[in-house]
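Number of protein chains: 4
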Amino acid sequence: MSLPGYLAPDLDVGEWLNTQRPLQLADFRGRVVVLEAFQMLCPGCVQHSVPQAQRVARLFRPSDVQVIGLHTVFEHHEAQGSRAALAAFLHENRVEFPVGIDRQSGRLPATMAAYEMQGTPTIVLIDAQGRRRAQHFGPVDDLQLGTEIGRLLQERSEA
Amino acid sequence: MSLPGYLAPDLDVGEWLNTQRPLQLADFRGRVVVLEAFQMLCPGCVQHSVPQAQRVARLFRPSDVQVIGLHTVFEHHEAQGSRAALAAFLHENRVEFPVGIDRQSGRLPATMAAYEMQGTPTIVLIDAQGRRRAQHFGPVDDLQLGTEIGRLLQERSEA
Amino acid sequence: MSLPGYLAPDLDVGEWLNTQRPLQLADFRGRVVVLEAFQMLCPGCVQHSVPQAQRVARLFRPSDVQVIGLHTVFEHHEAQGSRAALAAFLHENRVEFPVGIDRQSGRLPATMAAYEMQGTPTIVLIDAQGRRRAQHFGPVDDLQLGTEIGRLLQERSEA
Amino acid sequence: MSLPGYLAPDLDVGEWLNTQRPLQLADFRGRVVVLEAFQMLCPGCVQHSVPQAQRVARLFRPSDVQVIGLHTVFEHHEAQGSRAALAAFLHENRVEFPVGIDRQSGRLPATMAAYEMQGTPTIVLIDAQGRRRAQHFGPVDDLQLGTEIGRLLQERSEA
Numbered sequence: 016m017s018l019p020g021y022l023a024p025d026l027d028v029g030e031w032l033n034t035q036r037p038l039q040l041a042d043f044r045g046r047v048v049v050l051e052a053f054q055m056l057c058p059g060c061v062q063h064s065v066p067q068a069q070r071v072a073r074l075f076r077p078s079d080v081q082v083i084g085l086h087t088v089f090e091h092h093e094a095q096g097s098r099a100a101l102a103a104f105l106h107e108n109r110v111e112f113p114v115g116i117d118r119q120s121g122r123l124p125a126t127m128a129a130y131e132m133q134g135t136p137t138i139v140l141i142d143a144q145g146r147r148r149a150q151h152f153g154p155v156d157d158l159q160l161g162t163e164i165g166r167l168l169q170e171r172s173e174a
Numbered sequence: 016m017s018l019p020g021y022l023a024p025d026l027d028v029g030e031w032l033n034t035q036r037p038l039q040l041a042d043f044r045g046r047v048v049v050l051e052a053f054q055m056l057c058p059g060c061v062q063h064s065v066p067q068a069q070r071v072a073r074l075f076r077p078s079d080v081q082v083i084g085l086h087t088v089f090e091h092h093e094a095q096g097s098r099a100a101l102a103a104f105l106h107e108n109r110v111e112f113p114v115g116i117d118r119q120s121g122r123l124p125a126t127m128a129a130y131e132m133q134g135t136p137t138i139v140l141i142d143a144q145g146r147r148r149a150q151h152f153g154p155v156d157d158l159q160l161g162t163e164i165g166r167l168l169q170e171r172s173e174a
Numbered sequence: 016m017s018l019p020g021y022l023a024p025d026l027d028v029g030e031w032l033n034t035q036r037p038l039q040l041a042d043f044r045g046r047v048v049v050l051e052a053f054q055m056l057c058p059g060c061v062q063h064s065v066p067q068a069q070r071v072a073r074l075f076r077p078s079d080v081q082v083i084g085l086h087t088v089f090e091h092h093e094a095q096g097s098r099a100a101l102a103a104f105l106h107e108n109r110v111e112f113p114v115g116i117d118r119q120s121g122r123l124p125a126t127m128a129a130y131e132m133q134g135t136p137t138i139v140l141i142d143a144q145g146r147r148r149a150q151h152f153g154p155v156d157d158l159q160l161g162t163e164i165g166r167l168l169q170e171r172s173e174a
Numbered sequence: 016m017s018l019p020g021y022l023a024p025d026l027d028v029g030e031w032l033n034t035q036r037p038l039q040l041a042d043f044r045g046r047v048v049v050l051e052a053f054q055m056l057c058p059g060c061v062q063h064s065v066p067q068a069q070r071v072a073r074l075f076r077p078s079d080v081q082v083i084g085l086h087t088v089f090e091h092h093e094a095q096g097s098r099a100a101l102a103a104f105l106h107e108n109r110v111e112f113p114v115g116i117d118r119q120s121g122r123l124p125a126t127m128a129a130y131e132m133q134g135t136p137t138i139v140l141i142d143a144q145g146r147r148r149a150q151h152f153g154p155v156d157d158l159q160l161g162t163e164i165g166r167l168l169q170e171r172s173e174a
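Protein chains in written order, with the working numbering: chain A, 16 to 174; chain B, 16 to 174; chain C, 16 to 174; chain D, 16 to 174.
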């Protein structure tokens with residue numbers, strides 16, 4: 016999905032891991048943000064999208080491209096709903112980028128609902144001005160993701 | 016590790032999933048048993064060994080080669096220690112072979128200790144007479160695992 | 016290697032395959048050009064770079080990104096130097112983008128020398144104004160290549 | 016295809032590479048032989064079967080499992096029919112096991128016809144007594160191939 020570019024909904028997160036203070040998208044104006052929504056028990060997330068987000072985090076300086084994880088638990092709450100479970104998952108998988116736990120609220124977590132995500136994995140690209148520019152449900156290959164990031168980076172440098 | 020072939024220690028399991036009754040190794044005399052010890056938050060298990068065990072389960076008839084999973088939780092108990100967490104993991108990853116939850120007992124789970132496993136993943140091959148014939152800590156490639164299974168199958172057919 | 020962006024040397028090609036007429040870079044002003052230099056007996060080319068170039072050719076419209084292959088034979092001439100050998104290779108590997116046979120001339124083929132390529136595979140990115148903007152010897156991963164293509168595409172659309 | 020086990024047809028080879036003297040299957044009685052029929056321009060061979068044969072050659076001692084390549088050129092003769100082309104291919108791909116060039120003879124090469132192979136890749140398993148025990152056209156996965164090799168190895172050790 017390519018998007019005209021309205022301001023991205025803010026992150027409605029209960030707790031954060033891998034960061035010392037709560038994050039807001041507004042903190043990252045001037046950077047491209049890659050928002051990776053996942054669940055720790057979703058095989059497509061564990062095998063494809065989380066490793067891909069780690070590759071993105073390694074390829075770019077955080078001052079250019081900031082990767083943010085979002086744990087959007089909408090099923091198997093008992094198994095994956097605790098902070099301890101997520102912390103163990105991030106530790107074992109050596110995920111170092113900040114990850115927020117999407118706030119539980121009604122049927123779907125709050126941020127997941129605000130973005131109208133259809134499931135996990137979902138990847139969202141937010142430009143340097145904070146606008147949501149792309150959102151993909153399901154796996155995206157590296158060549159396409161790279162192209163989309165490259166466009167937003169170039170756009171920023173031309174601004 | 017190749018082993019001279021003493022009788023494999025029995026499984027000391029608290030609960031079973033994917034089976035309607037508790038299993039004993041003695042139930043499988045006459046078959047080659049592939050025992051896959053894993054933890055749901057161990058990346059090498061999730062990405063390599065559990066999918067490999069699924070390939071084994073698909074390639075052979077259960078009456079020839081029986082795959083049994085063993086969830087040997089020795090770290091991150093809060094995150095992966097519940098039956099619900101494991102059930103969600105098996106469901107999401109479409110694991111259909113029986114999986115036992117190794118009985119918690121002291122520092123290490125009971126079966127893990129009895130087999131003197133060094134960590135996860137560990138794969139154990141048990142022959143048609145119930146003897147432990149090989150045990151590998153860490154990833155084993157398909158060619159080698161296939162060869163070891165093939166030898167035990169042939170040995171059985173020559174008995 | 017990132018390049019300041021001098022005009023890319025023209026292609027000095029003896030014969031073309033997968034195109035009905037000889038090509039010049041000047042034909043592609045307004046498009047991003049991905050120039051893939053390879054040899055049919057170079058394993059890194061066959062296993063990584065040629066399939067990657069095929070992915071690029073599938074992802075983009077040729078009017079946006081034009082992939083051009085360049086067969087730069089600098090070793091094993093007897094084995095890979097003939098048009099027939101290359102035609103068979105392209106057919107078997109279902110390569111459909113145009114491929115030029117770099118003109119033999121002295122120790123190294125002519126275009127390879129003009130670009131000062133160090134070996135194969137080499138990938139060159141040429142912008143919509145015909146300037147050489149990046150040149151990589153050895154494998155480049157999809158995420159990085161996508162980013163570079165995306166930047167050149169965005170630059171073009173902002174011009 | 017599993018085979019009852021008639022004596023494998025002998026190799027009708029014009030030239031050999033990676034060996035100092037011509038080979039006959041009879042030289043390998045007492046070993047399991049993996050015969051890998053390929054063409055250097057067959058993508059399934061280059062990407063799957065030749066690397067698999069190299070894995071087999073690395074996993075086993077030649078005194079247990081002998082890998083033999085067979086270059087069965089039945090198309091693109093001009094491109095892949097020369098000894099020089101094959102030598103370059105083997106060198107670039109670091110293939111070290113012996114490879115015979117199947118003797119051209121009529122429509123199909125001689126050994127290919129004697130084995131009634133349907134194309135490339137084809138893998139043939141020959142037991143320690145020289146009997147053809149399995150023949151597969153198309154890719155075989157490592158788990159299955161390992162199992163078949165393991166059975167023949169065990170059978171040999173029980174003889």
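Since the hints were made in silico from the structure, they are not lab data. Wrong hints could be hidden among the right ones.
With beta-carbon atoms standing in for the labels, derived distance ranges [as the list claims (entries may be wrong)]: (1) B:Ala99 to A:Glu173: 33 to 43 Å; (2) C:Ala174 to B:Ala99: 37 to 47 Å; (3) A:Gly134 to B:Asp156: 32 to 42 Å; (4) C:Ser120 to D:Arg44: 46 to 56 Å; (5) C:Ser120 to D:Gly20: 51 to 61 Å; (6) C:Pro58 to D:Gln144: 43 to 53 Å; (7) C:Ser172 to B:Ala99: 46 to 56 Å; (8) A:Leu123 to B:Ala99: 38 to 48 Å; (9) B:Arg146 to A:Asp79: 35 to 45 Å.
Here are some, though not all, of the chain B residues that point toward chain A, as calculated from beta-carbon distances under 8 Å [as the list claims (entries may be wrong)]: (10) Ala41; (11) Leu56; (12) Cys57; (13) Gln62; (14) His91; (15) Ser97; (16) Phe104.
Some chain A residues flagged as far from chain B (calculated, every beta-carbon gap over 10 Å) [claimed, not checked]: (17) Leu38; (18) Ala41; (19) Arg44; (20) Gly45; (21) Pro58; (22) Val61; (23) Leu74; (24) Ser97; (25) Ala100; (26) Ala102; (27) Ala103; (28) Glu107; (29) Arg118; (30) Gly145; (31) Arg146.
For glycine and all other residues, C-beta sits at the position ideal for the given N, C-alpha and C.
Hint check:
1. In this structure the supplied range 33 to 43 Å is violated for B:Ala99 paired with A:Glu173, their Cβ-Cβ distance being about 51 Å.
2. In this structure the supplied range 37 to 47 Å is violated for C:Ala174 paired with B:Ala99, their Cβ-Cβ distance being about 57 Å.
3. Judged by the Cβ atoms, the range 32 to 42 Å given for A:Gly134 and B:Asp156 holds: they are separated by roughly 33 Å.
4. Between C:Ser120 and D:Arg44, the C-beta spacing of about 54 Å keeps the proposed range 46 to 56 Å intact.
5. Range check, C:Ser120 to D:Gly20: Cβ separation about 58 Å, and the 51 to 61 Å hint holds.
6. The hinted range of 43 to 53 Å is not satisfied by C:Pro58 and D:Gln144, whose Cβ atoms lie roughly 36 Å apart.
7. At about 51 Å, the CB distance of C:Ser172 to B:Ala99 agrees with the hint of 46 to 56 Å.
8. The given range of 38 to 48 Å is broken by A:Leu123 and B:Ala99, whose C-beta atoms sit roughly 20 Å from each other.
9. For the pair B:Arg146 and A:Asp79, the supplied restraint of 35 to 45 Å is violated, since their beta-carbon distance comes to about 58 Å.
10. The beta carbon of B:Ala41 is not positioned within 8 Å of any beta carbon in chain A (closest approach about 32 Å), and the interface hint is therefore violated.
11. Here the hint on B:Leu56 is kept, as its CB sits about 5 Å from the closest CB of chain A, short of 8 Å.
12. Of the supplied interface hints, the one on B:Cys57 holds, with its beta-carbon coming within about 6 Å of a beta-carbon of chain A, less than 8 Å.
13. This hint holds: B:Gln62 has a C-beta 6 Å from the nearest C-beta of chain A, less than the 8 Å allowed.
14. At a threshold of 8 Å, the smallest CB-CB gap from B:His91 to chain A is about 4 Å, leaving the interface hint in force.
15. Restraint check, B:Ser97 versus chain A: the minimum CB separation of about 7 Å is within 8 Å; hint holds.
16. For B:Phe104, the shortest C-beta to C-beta distance to chain A is roughly 6 Å, which falls under 8 Å, so the interface hint holds.
17. For A:Leu38, the condition that its CB be more than 10 Å from all CB atoms of chain B holds, with the nearest at approximately 23 Å.
18. Every CB of chain B is more than 10 Å from the CB of A:Ala41 (nearest about 32 Å), matching its label as outside the interface.
19. No beta-carbon of chain B is positioned within 10 Å of the beta-carbon of A:Arg44; the least distance is around 34 Å.
20. For A:Gly45, the non-interface assignment is confirmed: its Cβ lies about 34 Å from the closest Cβ of chain B, beyond the 10 Å cut-off.
21. Not every beta carbon of chain B lies more than 10 Å from that of A:Pro58, the smallest distance being close to 5 Å; the non-interface claim is violated.
22. Against the 10 Å criterion, A:Val61 falls within the reach of chain B, whose nearest CB is about 6 Å from its own CB.
23. With a cut of 10 Å on Cβ distances, A:Leu74 stays outside the contact zone with chain B, its closest approach being about 20 Å.
24. For A:Ser97, the condition that its CB be more than 10 Å from all CB atoms of chain B is violated, with the nearest at approximately 7 Å.
25. Not every beta carbon of chain B lies more than 10 Å from that of A:Ala100, the smallest distance being close to 4 Å; the non-interface claim is violated.
26. Consistency note on A:Ala102: stated as away from chain B, yet its beta-carbon is not over 10 Å from all of that chain's, at 7 Å minimum.
27. The Cβ of A:Ala103 does not lie farther than 10 Å from every Cβ of chain B; its closest approach is about 4 Å, which violates its non-interface assignment.
28. Look at A:Glu107: its CB is around 5 Å from the nearest CB on chain B, not clear of 10 Å, so calling it non-interface is violated.
29. No Cβ of chain B approaches the Cβ of A:Arg118 within 10 Å, the least distance being about 20 Å, so the stated non-interface status holds.
30. The Cβ of A:Gly145 sits about 34 Å from the closest Cβ of chain B, beyond the 10 Å cut-off, so the non-interface label holds.
31. Remark: the non-interface label on A:Arg146 is consistent with the geometry, its nearest Cβ contact in chain B lying 33 Å away (cut-off 10 Å).
Hint compliance for this structure: hints 1, 2, 6, 8, 9, 10, 21, 22, 24, 25, 26, 27 and 28 are broken, all remaining hints hold.
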